[in-house]
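Visitor: Using the hints, position chain X against chain Y.
Read top to bottom, the protein sequences are chains Y and X. Just so you know, the working numbering puts 319 at position 319 of the first sequence, and the rest follows in order with no gaps. Just so you know, the working numbering puts 33 at position 33 of the second sequence, and the rest follows in order with no gaps.
There are no misleading hints in this set.
Computed list of lysine to aspartate or glutamate pairs in EDC-like fashion (alpha-carbon distance at most 16 angstroms, straight line):
no. : chain 1 : residue 1 : chain 2 : residue 2
1   : X       : K131      : Y       : D37
2   : Y       : K192      : Y       : D153
3   : X       : K175      : X       : D300
4   : X       : K131      : Y       : E125
5   : Y       : K35       : X       : E121
6   : X       : K264      : X       : D206
7   : X       : K131      : X       : D56
8   : Y       : K276      : Y       : D245
Calculated from the structure, these hints are not laboratory results.
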Amino acid sequence: MAVQALSAAAAANNPLTKATAQPLAGGTTLIDLMKLDVMRPAAVIDINPLARGWSAIEPGSDALRLGALAKMSDVAAHAEIERNYPVIANSLKLAASAQLRNMATLGGNVMQRTRCSYFRDVSYENCNKRNPGSGCAAMDGVNRMHAVLGTSDRCIATYPGDFAQALIALDAMVEITGQAGTRSMPFAQLHKPPGDAPDIETTLQPGELISAFAVPGRWPRSVYLKARDRQSYEFALSSAAVALDVQDGTIRDARVALGGVATVPWRAREAEALLKGQKFDDGLAQRVADAAFADARGRRHNSFKIALGKRVMTRALQQAVTMEIRS
Amino acid sequence: MTAAAPEPKANMGQPVPRYDAAAKVTGRATYASDMPLDNPAYAFLVTSAIAKGRIDSFDLDDARGVRGVIDIVTHENAPKLKESKLFSNGGYAGTTIQPLKSADIAHDGQIIAVVVAESYEAAREAANRVKVSYTAVAPSASFDSPGTTTAAAKGQNAQFKEDPEVGDFAKAFDKAEVKLTASYDTPTQHHNPMELFTTSCAWMGDNLVIYEGSQYVYGLKNGVAEQLGIDPDKIRVVNPYVGGGFGSRGSMTPRTAIIAGIAKRLNRPIKLVPTRDQGFTIATYRAETRHEIRLGASRDGKLVALRHEGAEVSSRPDAYCVGGTKTTTRLYACPNVDSLVSIVRADRNTPGFMRSPPEVPYLFALESAMDELAVKLNMDPVELRRINDTTNEPIGGKPYTSRSLMACFDEAAKAFGWSQRSPQPKSMSDGDWLVGYGCAATCYPTQMAPSAARVRLQRDGRTRVEIAGHEIGTGAYTIIAQTAAERLGVPLEKVAVLVGDSELPPAPVAGGSNSTASTCSAVMMVCDQIRQRLFKALMPSDSLTDKAKETVGISQAPSTQVAKSDRPLDLEKAFDELGAGVVEEYGEWKPEGAPLDSFKAMHSGHARLVGGHAMKDKIAYAFGAEFVEVRVNRFTHEIRAPRLVGAFAAGRIMNPRTARSQLMGGLIWGMSSALLEATEIDQRNARYVNDNLADYLVPVNADVPGVEVILLSEQDDHINPAGAKGLGELANVGTNAAICNAIYHATGQRIRKLPVRLENIEV
Chain Y
1 MAVQALSAAA AANNPLTKAT AQPLAGGTTL IDLMKLDVMR PAAVIDINPL ARGWSAIEPG
61 SDALRLGALA KMSDVAAHAE IERNYPVIAN SLKLAASAQL RNMATLGGNV MQRTRCSYFR
121 DVSYENCNKR NPGSGCAAMD GVNRMHAVLG TSDRCIATYP GDFAQALIAL DAMVEITGQA
181 GTRSMPFAQL HKPPGDAPDI ETTLQPGELI SAFAVPGRWP RSVYLKARDR QSYEFALSSA
241 AVALDVQDGT IRDARVALGG VATVPWRARE AEALLKGQKF DDGLAQRVAD AAFADARGRR
301 HNSFKIALGK RVMTRALQQA VTMEIRS
Chain X
1 MTAAAPEPKA NMGQPVPRYD AAAKVTGRAT YASDMPLDNP AYAFLVTSAI AKGRIDSFDL
61 DDARGVRGVI DIVTHENAPK LKESKLFSNG GYAGTTIQPL KSADIAHDGQ IIAVVVAESY
121 EAAREAANRV KVSYTAVAPS ASFDSPGTTT AAAKGQNAQF KEDPEVGDFA KAFDKAEVKL
181 TASYDTPTQH HNPMELFTTS CAWMGDNLVI YEGSQYVYGL KNGVAEQLGI DPDKIRVVNP
241 YVGGGFGSRG SMTPRTAIIA GIAKRLNRPI KLVPTRDQGF TIATYRAETR HEIRLGASRD
301 GKLVALRHEG AEVSSRPDAY CVGGTKTTTR LYACPNVDSL VSIVRADRNT PGFMRSPPEV
361 PYLFALESAM DELAVKLNMD PVELRRINDT TNEPIGGKPY TSRSLMACFD EAAKAFGWSQ
421 RSPQPKSMSD GDWLVGYGCA ATCYPTQMAP SAARVRLQRD GRTRVEIAGH EIGTGAYTII
481 AQTAAERLGV PLEKVAVLVG DSELPPAPVA GGSNSTASTC SAVMMVCDQI RQRLFKALMP
541 SDSLTDKAKE TVGISQAPST QVAKSDRPLD LEKAFDELGA GVVEEYGEWK PEGAPLDSFK
601 AMHSGHARLV GGHAMKDKIA YAFGAEFVEV RVNRFTHEIR APRLVGAFAA GRIMNPRTAR
661 SQLMGGLIWG MSSALLEATE IDQRNARYVN DNLADYLVPV NADVPGVEVI LLSEQDDHIN
721 PAGAKGLGEL ANVGTNAAIC NAIYHATGQR IRKLPVRLEN IEV
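Just chain Y, with the same shape it has in the complex:
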């Protein structure tokens, strides 16, 4: 295995086109998984030389652009993001530890892999994500942390991140740079639910890198609520990213995404449809939450996440409705 640095000039003609090569940014996921023998890249390509062009934080009047190599800590502490996109700032602040946030990049963060114990322990042969077709040890194993939404009979591993919930809620676009130049697509199309092929986690092609995220509009009335076992440095058991546009007590637009409960960043569109045009009350919140989890499927240790997810979601909606907006 070799570690190479990737220069900006070489980005268009890069060694990452080899499927066995892995890009290295903050390294907070990749290095762990290599130590655990879960990932065995033939080459590791250091993409930090691209940081100069790819780490800008650019809040505009009607959109926000975030370079993929911006550090989580820098984005979380940015005053305009705290003011106009609290859901983004808080999803980053409530993730990982200060040390990790100082190293980890936005692009790497959305690409972080599941924390499923059986995926991360190669002594278990049966993991459809690691060894396609080998089965799933988590299905009937210790699965308290696992997903209840977006699962398949092949995989129930939870998507672990927080920031992605904010992105998917806000209709973010992801900008991708590869051999053929730069393309852009909805962030919602980046992650693939496990379905029949849990080993294929995203729609990125070999050689492609996330170069930026673009968030349309401004969402000052937005919250990220995260429930977890300890007060810091812990993944979500359940989280909700909520952004609302409320005028004269009526919800004109609503965005809801759920974390800690799904196999991919999860947009609760049924919930949004029920909220739009309505006046908020607790009964509506309950109906909305029931709709969001209508298709949820719990297993032995994680069924609690269905009730928990609903409570977290309704509380996040209440907080978003009642929050004071700084002008």
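Guide: Relative to chain Y, chain X alone:
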């Protein structure tokens, strides 16, 4: 004085900074794996992926193909080692399951191969490429698994001698006015000390040096000698600092003799650094326990009947047992007591000592039950303890040497603001959070063991103390230095301390919170020997007046109290009279009641601990009271403990700074044992699942914003010359019950199974 260095009260030493503080914060402290080795090879372990069955074959071709691989050791070519008996049955070992002996697998993560290579990375890469074919047999994972066997602990384990009982429990319980029967569960937990379970072995001819974090260098030296079949005096164990022990390093693990044997065969020093997850299976752990408590009381709150039944999981071959009924049957006044402890054998690695081994699980049960009884009696839980406080333990009627339990309750209650509590459950809240207050008692036996020490005094006052004690983070260097400085009347900065080396005079295992009492009593005795020699040189006629004696700053009779050193000894004069450049003394101290073979055992790595309930005419325990504020979020059901307050009395406090640090860590760990820590077991295959520090949760700073430690002044002249009760294992006891008692107060819901997770809360 600051919060970190509390003002000493009566019978407390000075809160001097740690002897090793600067070395530790600047990274100069050398732990076992920091020791330089001459051209070492690196070992990496391969551990089993099944818990029961046998290895059919290895495919080592890929592994051998990794550049830098020197050797791969399996049961087919491993060094032959002799067996060692279990620590609690008079041996040295924490397990009798000896890996690499046969193709048999007895538990998950058993060592099945050792890869040795020119670098750590090459060894790891090759270990990852070792392929193993197994024949697996369905294992029994824990209590509810088919295939376990259960039997009474009594008779199986030499350290568990009795199921305490007195009076007629059945009759008294039957007639009791108020009754409670409740069951409690505690989970598997692992020590997870920061320092991994590393071992380095280097041979010089027939002599072996072992660098390994150990809580018992004499035990390890003698145990490895037994396994290798060599003279113990050819082995030296060195560890000037230990990166946390918590009981996990008190007994020998199989890795050490294996690495020593391979180093001998390869004629090269070998350094082993196992991974975090391997630490879950190559060392010991706190086994899961189950309890049934029955309490009978009169309407006015007097206990009339108490029964405590406990069950503990152990491995197939080893009857490890903590048996906490020895404490819970003696804590409160009660005339009719019964108890029974059973051991359930499953296909697991052998459990072992983990900080306050008996008290953490057994007091969780008793102190939760006391709270439940208080609710039934409609009585303040503090008052229930007061009503049942006692000066004599009820089983044998022996007096406690000192017991400040209620003083601790009163001090802690005052500092906590217990009087602000509205007793009704669910009656206190703050925004999204339900607020609950809870409390519990803690106690820990006062134990001592024989210890030796050597002290060397120079005419300029420079002093060196040599003792094979252990700096496991508790402050051993500091209090040993303080003890010698006070006893000899020399300035603290002139005292050097050597510990963590089996070439030094023997000290007992750093376990059972006996170290301070044992090592400091030995150091005091040897310092007195030096004082005697100097005194005799200065006062040959022994005819001087008391006034004259004061002028040389020394007295002939060793006192049982630490000397007041308000004036330094006139050393120059004494050394001139003595005609000596250096005075050096060696001595061996043993506590009252230690068995006849104590000193012989001490040198061969067997610590004869005495104390607690097992003393002849008395019983010695340290006590404390803990109060916690718990908050339960009404929406997410998240549980947090923002305030922990504990008051403790433990005889002489040698150093309020290091004592507070120990007790603060204990309170935090106690909270953690209730809300965070549990090793999850996959019941299908008896394997640990969350075997890493990302998934095995321990508290972070945000979890413990408010921790307050109150040290009570207590003097006890009936325990040991130092007057000290061990407190290292005092504060993490009872906290788990206090947390659950507070959760009940916050939510009205009684939780009897640990850890408490948010899904266990229904509000």
